[in-house]
Amino acid sequence: MAETIKEVISRNVWKENQGLRQILGICSSLAVTNLMTNSMVMGLGLTFVTAFSSLTISLLRNAIPHRIRMIVQTLIIASYVILVDIFLQANFTDISKALGPYVGLIITNCIIMGRAEAFAQKNTPVLSMLDGLFAGVGYTIVLLIIAFFRELLGFGTLFGFDVNFIGFETWTIMVMAPAAFFLIGTLIWITSNIFAPGKSKK
Amino acid sequence: MKNSYVYTVVFMLVVSAVFTLLLAGANSFYKPKIEENELLAERTAILYVFDIDQSGSAAEVLKRFDDNIKDTELSGISLYEYSEQGETIAYAVPFTGAGLWGSISGYLGVSPELDEITGLVFTSHSETPGLGGRIDELEYKEQYRGLVIDAGSKLAYGEDGGGQIDAITGATSTSNAVLKILNELLDETISRLEVA
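Residue numbers (this note's numbering), protein chains in the order written: chain A, 20 to 221; chain B, 50 to 245.
Some hints here could point you the wrong way.
Claimed, not checked - Okay, the calculated beta carbon distance ranges per label pair: (1) A:L78 x B:V59: 14 to 24 Å; (2) A:V145 x B:D120: 51 to 61 Å; (3) A:N212 x B:S106: 48 to 58 Å; (4) B:G201 x A:F106: 43 to 53 Å; (5) B:E233 x A:P120: 22 to 32 Å; (6) B:E191 x A:D181: 18 to 28 Å.
No lab work stands behind these hints, which were simulated from the structure alone. Bear in mind that the values here come from a model prediction, so they are computed numbers and not experimental data. Backbone N, C-alpha and C fix where the C-beta goes; we use that ideal spot for every residue, glycine too.
Using the sequences provided together with the hints, build the complete structure.
Have a look at this one:
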């Protein structure tokens, strides 16, 4: 029983959102979300990597020996991440500098490996690619929500544009990693209440 | 068959070879462009230290650099020299030192008499974006332009330094690290330069 495309989308973006429901990819959500531009690039990079590694792994799924499948997955994921890194260095020097080591660390983002292992190993290529793509989209949305609050309250800007018209005193804590903890915690709390109200009490 | 040792080894070798080839291709394709970007960033930074216009296309910036600045060595220290019609206007001395999170590198521009800072620039650092990372902002760097230095006295923030330079609020450690690097540079390197 394969899922329909619509089910893949709603599952990845909402019902089983990687960041908020699966609690994956938290490290990078803390690190790059103090500016919306960086979050956007990080999200796009991860989406690209997840989509194409899922596609590749799904295409090879019947040929990959079961015993070494994880090594092969890591190899494929790492190759796409290095491609993204080289591309950013060549064409978006400033952003590449701002993201620093985090681009390389996409390799260790559990979302990609999770999608590869849980979905791409068992499903057809096109569906796997969509699964990876929308897992990435769901992650990007969470990153952007967190970055929206952090950048707005921490810098008074959005995507680098000054929106602080009322002379609001910006909060330094929002720029630092703890703010992301608070925001992720709040978002997880809200989504948990929507999906499983009162479950934790029993 | 799929689980045989030979198949597993051959499969891994083939997959590794294909992906390595792909990455090697991408790397050699983009390498010239990445190196060009790095060169441009370095040269733009040095133009900034000398307060020379950094605007325009990459070719214009590189030409302006070549017209005014030369790579040279003075008292055994390699640095950049800005001269016009044979007369030295300033030197840019490279530095690297410990920041809060990682090393901070950049250039400090000094007048040929070594009594004035012409500019300060950072070429790489890993300070927290939005806090220590603000050392890269003009507001911070511009404070150092035209700062008078006398041999023997150290740079200091606020009133201790004559109220000429200020630290960054919320980034005390990075600000102090920068000052420490600069004082060491002035003390140990720049004071050693044998200027005519």
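Okay, which hints does this one fail, numbers in order? Nothing - there is no hint that the structure violates, so all of them hold.
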